[in-house]
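2 protein chains.
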Amino acid sequence: MEEKELYDVILELLRAKKGAALKKELSEQEPADIAAVLLELWDDHELSEEDLPIVFRILPKELAAEVFAEMDSDLTEALIKSFSDKELKSVMNEMFIDDAVDLIEEMPANVVSRILASVDPATRRTINQILDYPDDSAGSIMTTEYVALKPNMTVAEAFDVIRKTGVDKETIYTCYVTDAERHLIGIVSAKDLMLAKQDDTVSDIMEENVVFVTTVDDQEEVANDLRKYNFLAIPVVDKEGRLVGIVTVDDAMDVLQEEATEDIEKMAAITPSDRAYVRTGVFETYAKRIPWLLLLMISATFTGIIISNYENALAAQVVLTAFIPMLMDTAGNCGSQASVTVIRSLSLDEIEFSDIFKVIFKELRVALLCGVTLAVANFAKMMLVDRMLLHNTALTPLVAGVVCLTLVVVVFFAKFVGCTLPMIAKKLGFDPAVMASPFITTIVDAISLIVYFRFASLMLSL
Amino acid sequence: MEEKELYDVILELLRAKKGAALKKELSEQEPADIAAVLLELWDDHELSEEDLPIVFRILPKELAAEVFAEMDSDLTEALIKSFSDKELKSVMNEMFIDDAVDLIEEMPANVVSRILASVDPATRRTINQILDYPDDSAGSIMTTEYVALKPNMTVAEAFDVIRKTGVDKETIYTCYVTDAERHLIGIVSAKDLMLAKQDDTVSDIMEENVVFVTTVDDQEEVANDLRKYNFLAIPVVDKEGRLVGIVTVDDAMDVLQEEATEDIEKMAAITPSDRAYVRTGVFETYAKRIPWLLLLMISATFTGIIISNYENALAAQVVLTAFIPMLMDTAGNCGSQASVTVIRSLSLDEIEFSDIFKVIFKELRVALLCGVTLAVANFAKMMLVDRMLLHNTALTPLVAGVVCLTLVVVVFFAKFVGCTLPMIAKKLGFDPAVMASPFITTIVDAISLIVYFRFASLMLSL
Chain Y
1 MEEKELYDVI LELLRAKKGA ALKKELSEQE PADIAAVLLE LWDDHELSEE DLPIVFRILP
61 KELAAEVFAE MDSDLTEALI KSFSDKELKS VMNEMFIDDA VDLIEEMPAN VVSRILASVD
121 PATRRTINQI LDYPDDSAGS IMTTEYVALK PNMTVAEAFD VIRKTGVDKE TIYTCYVTDA
181 ERHLIGIVSA KDLMLAKQDD TVSDIMEENV VFVTTVDDQE EVANDLRKYN FLAIPVVDKE
241 GRLVGIVTVD DAMDVLQEEA TEDIEKMAAI TPSDRAYVRT GVFETYAKRI PWLLLLMISA
301 TFTGIIISNY ENALAAQVVL TAFIPMLMDT AGNCGSQASV TVIRSLSLDE IEFSDIFKVI
361 FKELRVALLC GVTLAVANFA KMMLVDRMLL HNTALTPLVA GVVCLTLVVV VFFAKFVGCT
421 LPMIAKKLGF DPAVMASPFI TTIVDAISLI VYFRFASLML SL
Chain U
1 MEEKELYDVI LELLRAKKGA ALKKELSEQE PADIAAVLLE LWDDHELSEE DLPIVFRILP
61 KELAAEVFAE MDSDLTEALI KSFSDKELKS VMNEMFIDDA VDLIEEMPAN VVSRILASVD
121 PATRRTINQI LDYPDDSAGS IMTTEYVALK PNMTVAEAFD VIRKTGVDKE TIYTCYVTDA
181 ERHLIGIVSA KDLMLAKQDD TVSDIMEENV VFVTTVDDQE EVANDLRKYN FLAIPVVDKE
241 GRLVGIVTVD DAMDVLQEEA TEDIEKMAAI TPSDRAYVRT GVFETYAKRI PWLLLLMISA
301 TFTGIIISNY ENALAAQVVL TAFIPMLMDT AGNCGSQASV TVIRSLSLDE IEFSDIFKVI
361 FKELRVALLC GVTLAVANFA KMMLVDRMLL HNTALTPLVA GVVCLTLVVV VFFAKFVGCT
421 LPMIAKKLGF DPAVMASPFI TTIVDAISLI VYFRFASLML SL
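Heads up: the protein sequence lines correspond to chains Y and U, in order.
My numbering numbers the first residue of the first sequence as 1 and each following residue consecutively.
My numbering numbers the first residue of the second sequence as 1 and each following residue consecutively.
Do not take every clue at face value.
Said to hold, decoys possible - No farther apart than 30 Å at their CA atoms in a straight line, the calculated lysine-lysine pairs in the BS3-like style are these:
(1) U:Lys81 to Y:Lys23
(2) Y:Lys24 to U:Lys4
(3) Y:Lys191 to U:Lys362
(4) Y:Lys358 to Y:Lys381
(5) U:Lys362 to U:Lys427
(6) Y:Lys150 to U:Lys191
(7) U:Lys89 to Y:Lys358
(8) Y:Lys197 to U:Lys358
(9) U:Lys197 to U:Lys266
(10) Y:Lys23 to U:Lys362
(11) U:Lys427 to Y:Lys266
(12) U:Lys164 to Y:Lys266
(13) U:Lys197 to U:Lys239
(14) Y:Lys381 to Y:Lys427
(15) Y:Lys81 to Y:Lys150
(16) U:Lys81 to Y:Lys164
(17) Y:Lys169 to U:Lys23
(18) Y:Lys362 to U:Lys266
(19) U:Lys150 to Y:Lys164
(20) Y:Lys288 to Y:Lys358
(21) U:Lys239 to Y:Lys24
(22) U:Lys4 to U:Lys86
(23) Y:Lys169 to Y:Lys266
(24) Y:Lys191 to U:Lys150
(25) U:Lys61 to U:Lys164
(26) Y:Lys4 to U:Lys24
(27) Y:Lys17 to Y:Lys89
(28) Y:Lys358 to Y:Lys266
(29) Y:Lys81 to Y:Lys23
(30) U:Lys61 to Y:Lys169
(31) U:Lys362 to Y:Lys150
(32) U:Lys288 to Y:Lys362
In short, the hints are calculated from the structure, not lab data.
Note that the structure is predicted; figures quoted are calculated from it, not measured.
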């Protein structure tokens, strides 16, 4: 069913107060769809703070916990406030650790203390450990609910373990084999177990060359590993090589989407936000954008200073002014083509700093081709359209020559700056995405103007 | 082992011609790592066209097919040319259908006909069917190798089916229940099967409310569904509701990464490419960039025409020229902040066309805050730095007023154009990502200049 349709159905049942029908309808839906529709109803003021817990209580227990984990933080906060301690405890017990941690990270302090009070001491300890890992590290996104097997178990015994504990595990399809000290010594997939003989031991069929990550590894690298190796989960070990958790593919996908969104935001000079655009308030949106606008505005005044220095030249040849925007825009576009390509390649792990000379050499050859093409096209356009068609007599072939020569040179500079800055930023430990279009544009603008006026001064003897 | 380390080890074993040690080393590695290292050796001319098939023949059969599927097309093409018909047949039989289709799409025609001749007629028919689906559709990325169960089977019988056919299936963790006409009537996870009683029937435990996609659905939507619902695979049905294939989560992850890269490239005015940056030649890179640069250069000449029209005003007040770059850059940055945010929200399915008024209302409020902040900051900077510190006497408070008033108005225009154009593009069936920064910048530049010169004419009586 389409989301719109589901929205209408649920709204109608809500208004008619048909609890049984509502329960039947909701039970057949995916948790993510229920969460999305509840959020829309909430935003449209069709679901009051009193109705929300009523709808929630209708859901079967397991589905309720899944919906809860998928919900927007505005809704979960309202729900928790309406929950009795017993209800909160029940939902928290059904949730996976990693979802519980996500929830806690989004809630205000008073709600967090209620949540932590509602879980048993062992879970609380685990949650606090995960919360202690650095932001965006493997440790901070992992879950501790994996199937652990021992090497001397038979396949039949392994199945028993899975049957007994599997319900509460985030995945049962990759099982982890650990020794007495919890060191990770192998993995077995459920497929291997199913295809093996019942009396084989786990150590017979386990894969010993295990790809793993450590708790402090960056979440983007972890997600890239899952993607590269086509894994359903990847084990996370601590400094001593002991297994402490796993990251599953569904979380890895979310990480990749978030990281791509963050890169895109940074490339457009916006401080990244965890919240979806539609869920972000006007003031918060403003706060994410204005620092960059101010910074870039201030740096753009350098270009103004350059122009002021050449005011006399400009006053003598006003025709030159008309080409400033075109030169600046073209240089900016060339620079951002190079920078964005390099930034994306860096974050996909396709290139690294040691490739810098290869990248520069390539960009300079591309720049030569682009620069010459643009210059030729522009010269033809200036002569045919501006001069012959529009009778702009101030635009002599010499002036056109200045403009086109400038184009070639600034395209070179733009591609060079565009490809080197992000790589140097990465090397120095900064985020390369911040070195994208807006910054490159500001730098390249200044270079363009200086080159332009130098050529103009020399060739037109200003 | 790090890739660099693996590279050195393999290179050493290759040079010393230690076949047995090489086999041992490679057998312990992930297919993706082997493929990556072989590509690097190939690029560094350490692996000749004669060595490549020798290394490949060393690999165990199943691993060889996996490495083959992960390889860059340059390598696979060289390998296929060196393969005997028997070898090609053996590798193709081990490959999953979706990987075979990917391979065929990348190979030149003569290689394709050899590949198709090497597979059995039934596989060839399936491959041809998949090749017939539109580019970037669910049908074009699906695989036909799924586990199909019947509703009246017992759990024990279902396990038998999985054990017998599972080796050749892309996933055995989600099984699909079909009726006699192959209509999809339910799904059962391997987890459900393991936790069920042996004599339960499949229809007892299957989930009947199945989320599915159709063969013609866009691959990005399919991947977003897998992410949203945390699925490991999603079924693909034809127009008659018959199950024809599945899309697995590993392919969905690749789709999301590719689509994000494409969006980023389009936002930077680059025609997207299927090949990684480092694998793309200079001329190809040039060809992906130059059309946009030319188009944007031509459209930037409109701003030149606007400036030409106000040449006399500029000649009278040369101080105005110095602020053109700052105004254009700031407007461009404001516009791309809005457009990039909206484009990303559109591709994450967070907003749709019907939200356009909500989005505009929000952007205009953000614009008001941003515009006023920028204007105040700029006025203060002009008076304190430019006028008092740098003694720029031409910069009267009235001129500063013109610049700052222009700022407020163009920020409004920029945010408005930035948020509406991508949404309208999407509505009209164009790709919203193309409406990103460079286009918005060109439009916003022209608006900025007109507003600037109108205000200047009115307030400074030029």
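Going through the hints against the structure:
| no. | hint | result |
| --- | --- | --- |
| 1 | U:Lys81 to Y:Lys23 | violated, 61 Å |
| 2 | Y:Lys24 to U:Lys4 | violated, 56 Å |
| 3 | Y:Lys191 to U:Lys362 | violated, 51 Å |
| 4 | Y:Lys358 to Y:Lys381 | violated, 35 Å |
| 5 | U:Lys362 to U:Lys427 | holds, 20 Å |
| 6 | Y:Lys150 to U:Lys191 | holds, 20 Å |
| 7 | U:Lys89 to Y:Lys358 | violated, 38 Å |
| 8 | Y:Lys197 to U:Lys358 | violated, 61 Å |
| 9 | U:Lys197 to U:Lys266 | violated, 53 Å |
| 10 | Y:Lys23 to U:Lys362 | violated, 36 Å |
| 11 | U:Lys427 to Y:Lys266 | holds, 26 Å |
| 12 | U:Lys164 to Y:Lys266 | violated, 51 Å |
| 13 | U:Lys197 to U:Lys239 | violated, 35 Å |
| 14 | Y:Lys381 to Y:Lys427 | violated, 42 Å |
| 15 | Y:Lys81 to Y:Lys150 | violated, 43 Å |
| 16 | U:Lys81 to Y:Lys164 | violated, 52 Å |
| 17 | Y:Lys169 to U:Lys23 | violated, 37 Å |
| 18 | Y:Lys362 to U:Lys266 | holds, 20 Å |
| 19 | U:Lys150 to Y:Lys164 | holds, 27 Å |
| 20 | Y:Lys288 to Y:Lys358 | violated, 36 Å |
| 21 | U:Lys239 to Y:Lys24 | holds, 28 Å |
| 22 | U:Lys4 to U:Lys86 | violated, 34 Å |
| 23 | Y:Lys169 to Y:Lys266 | violated, 36 Å |
| 24 | Y:Lys191 to U:Lys150 | holds, 20 Å |
| 25 | U:Lys61 to U:Lys164 | holds, 20 Å |
| 26 | Y:Lys4 to U:Lys24 | violated, 56 Å |
| 27 | Y:Lys17 to Y:Lys89 | holds, 27 Å |
| 28 | Y:Lys358 to Y:Lys266 | holds, 26 Å |
| 29 | Y:Lys81 to Y:Lys23 | holds, 23 Å |
| 30 | U:Lys61 to Y:Lys169 | violated, 34 Å |
| 31 | U:Lys362 to Y:Lys150 | violated, 57 Å |
| 32 | U:Lys288 to Y:Lys362 | holds, 14 Å |
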